[in-house]
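Visitor: Residue numbers for the sequence shown follow our numbering, so the first one is 125 and each next one is one higher.
Keep in mind the hints are simulated off the structure, nothing from the lab. Some clues are possibly wrong.
[To be verified] List of simulated lysine to aspartate or glutamate pairs, EDC-like, C-alpha gap at most 16 Å: (1) 380 / 400; (2) 197 / 162; (3) 380 / 357; (4) 195 / 162; (5) 419 / 445; (6) 359 / 281; (7) 324 / 350; (8) 195 / 515; (9) 195 / 506; (10) 324 / 346; (11) 385 / 484; (12) 359 / 225; (13) 324 / 357; (14) 493 / 162; (15) 523 / 145; (16) 359 / 484; (17) 197 / 526; (18) 197 / 506; (19) 282 / 230; (20) 423 / 370; (21) 197 / 515; (22) 313 / 370; (23) 493 / 159; (24) 481 / 159; (25) 324 / 225; (26) 195 / 164; (27) 197 / 164; (28) 341 / 327; (29) 146 / 187; (30) 324 / 381; (31) 385 / 357.
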Amino acid sequence: MTRLLPALALGLALLPLSAQEKPQAFVGARIIPIEGPEIENGVLVVHRGRILAVGGMATVIPDGAVRHDAKGKVVLPGLVDSHSHIGSAEGADSTAPIQPDVRVSDSLNLRSASVMRARAGGITTVNVMPGSGHLLSGQTMYLKLRGGQTVDALAMEKRPNGSYLGGMKMANGTNSRRTSGPFPGTRAKSAALVREQFVKAQDYQRRLREAGDDPKKRPARDLALEALVEVLEGKRVVHHHTHRHDDILTVLRLSKEFGFKVVLHHVSDAWLVADEIAKSGFGSSIICIDSPGGKLETKDIRMTNGAALERSGALAAFHTDDPITDSRWFLREAGLAVRAGMSRQGALEAMTLNGAKLLDLQGRIGSLKPGKDADFLVLSADPLSVYAHVEQTWVEGAKVFDRADPRHRLYAVGGQGASHDTYDLTHLLAMEAEETYQ
125 MTRLLPALAL GLALLPLSAQ EKPQAFVGAR IIPIEGPEIE NGVLVVHRGR
175 ILAVGGMATV IPDGAVRHDA KGKVVLPGLV DSHSHIGSAE GADSTAPIQP
225 DVRVSDSLNL RSASVMRARA GGITTVNVMP GSGHLLSGQT MYLKLRGGQT
275 VDALAMEKRP NGSYLGGMKM ANGTNSRRTS GPFPGTRAKS AALVREQFVK
325 AQDYQRRLRE AGDDPKKRPA RDLALEALVE VLEGKRVVHH HTHRHDDILT
375 VLRLSKEFGF KVVLHHVSDA WLVADEIAKS GFGSSIICID SPGGKLETKD
425 IRMTNGAALE RSGALAAFHT DDPITDSRWF LREAGLAVRA GMSRQGALEA
475 MTLNGAKLLD LQGRIGSLKP GKDADFLVLS ADPLSVYAHV EQTWVEGAKV
525 FDRADPRHRL YAVGGQGASH DTYDLTHLLA MEAEETYQ
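Please build the complete structure, drawing on both the sequences and the hints.
Guide: Okay, here's the thing in structure tokens:
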């Protein structure tokens with residue numbers, strides 16, 4: 125019977141690909157497209173990784189499409205986590221407070237169980253960040269949680285210089301301060317060190333511009349300054365960890381001084397400076413938790429931050445900061461925010477489209493519109509209900525999580541083996557087949 129294994133394994137390996145060859149139609153669900161009104165008894169059609177159509181029961185379903193009965197279910201765009209540390213992400217080390225040349229992509233373990241838990245939580249796109257113990261701790265990476273296991277397989281985009289689409293992680297406040305060594309001891313010194321580095325980057329940028337295409341005139345390549353020039357030129361947005369109201373305003377001041385784009389992360393005191401944030405035009409990536417703590421500068425955090433930013437007209441999206449909030453419970457943040465005064469629509473946008481906007485990916489993800497990536501989840505109930513479960517997660521038209529599968533369910537509900545790093549479903553099925561037929 126062991127001779128059946130290669131054929132079985134090959135057939136299993138081809139299943140996801142063959143499924144992509146035919147259109148998939150999800151029929152009868154309540155569809156929440158985010159951009160546009162909710163659709164009762166809706167139809168979602170996807171093919172070759174993109175959304176073909178979304179609408180009511182009169183929506184045309186292509187001949188030969190695979191139909192999925194979604195009656196009684198809710199279909200929502202894939203969740204966008206704008207700040208996470210899944211994949212055992214690492215960044216800068218203790219040798220210096222400023223290390224923009226470090227790339228989180230060089231540290232990711234994408235066989236980590238945390239990646240599967242994110243899929244179980246309905247997350248389809250994630251901004252993986254290095255830590256916040258440095259003023260500049262390195263380059264973030266935007267991942268699509270496809271079924272692959274390598275950085276290249278999950279990257280949103282690979283750049284010509286070998287780096288990946290992402291931002292630049294910065295921080296201020298207490299995390300980046302030390303009492304000794306090369307790290308700053310005060311908030312003022314923290315800002316001074318950042319200014320110094322951006323002045324160097326401006327000079328490096330000027331010398332590159334003046335050299336043009338003449339290699340003899342070009343300065344020696346400096347990976348740290350090269351990354352900061354990308355920030356200055358708007359090619360890499362700054363993702364800035366900041367909590368206290370005065371630290372938030374310092375970030376906005378530095379951004380204006382050097383002209384870089386920024387996303388404000390955490391902003392525990394957002395409710396105190398919401399109008400100032402709104403005037404800046406920059407968005408915020410916030411966390412909504414009901415058991416705050418951990419550091420003094422978060423003592424005034426409120427679940428009303430989402431509502432305060434919404435009222436001020438500022439863009440706000442939620443994040444997990446996984447493992448601060450387990451990725452499996454990401455949707456819970458929307459419910460908590462609504463309970464604290466945020467609108468239903470605003471909270472759902474903060475889980476999807478607004479996160480896409482913070483990453484400048486709104487043209488591809490964040491809502492269910494024809495032409496966008498076929499990233500969505502199938503829920504058992506309304507997304508704001510504590511009784512709702514993510515039943516399926518689809519990325520670019522391929523199912524990457526299915527709660528009905530015991531192997532996937534383990535990562536959703538926990539149990540023996542749920543924290544172990546894993547292989548993809550095809551490999552697991554092949555291993556099981558080998559054990560069965562030997």
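Visitor: If you draw a straight line from the CA of residue 419 to the CA of residue 445, is it 16 Å or shorter?
Guide: Status holds; Cα separation ~15 Å.
Visitor: Decide if the proposed pair is consistent with the structure: residue 197 and residue 164, CA atoms, cutoff 16 Å inclusive.
Guide: holds, 10 Å
Visitor: For the pair supplied as a hint, residue 197 and residue 515, is the alpha-carbon distance within the 16 Å limit?
Guide: holds, 9 Å
Visitor: Need the status of pair residue 195, residue 164: alpha-carbon distance at most 16 Å?
Guide: holds, 10 Å
Visitor: Are the Cα positions of residue 380 and residue 357 separated by 16 Å at most?
Guide: Given pair residue 380, residue 357 holds - Cα atoms ~14 Å apart, limit 16 Å.
Visitor: Hey, residue 324 versus residue 381, does the alpha-carbon distance stay inside 16 Å?
Guide: Holds - the C-alpha atoms of residue 381 and residue 324 are around 14 Å apart, at most 16 Å.
Visitor: With a cut-off of 16 Å on the C-alpha distance, tell me whether residue 197 and residue 162 pass.
Guide: holds, 13 Å
Visitor: For a C-alpha distance cap of 16 Å, please report whether residue 380 and residue 400 respect it.
Guide: Answer holds: residue 380 to residue 400 is near 13 Å, not above 16 Å.
Visitor: Taking 16 Å as the top limit, are the C-alpha atoms of residue 324 and residue 350 close enough?
Guide: Roughly 11 Å between the alpha carbons, so the hint for residue 324 and residue 350 holds.
Visitor: Is the straight-line distance between the alpha-carbon of residue 359 and that of residue 484 16 Å or less?
Guide: holds, 11 Å
Visitor: Are the Cα positions of residue 324 and residue 357 separated by 16 Å at most?
Guide: holds, 14 Å
Visitor: Is the straight-line distance between the alpha-carbon of residue 359 and that of residue 281 16 Å or less?
Guide: holds, 13 Å
Comparing the model with each earlier hint shows no violations; every hint is respected.
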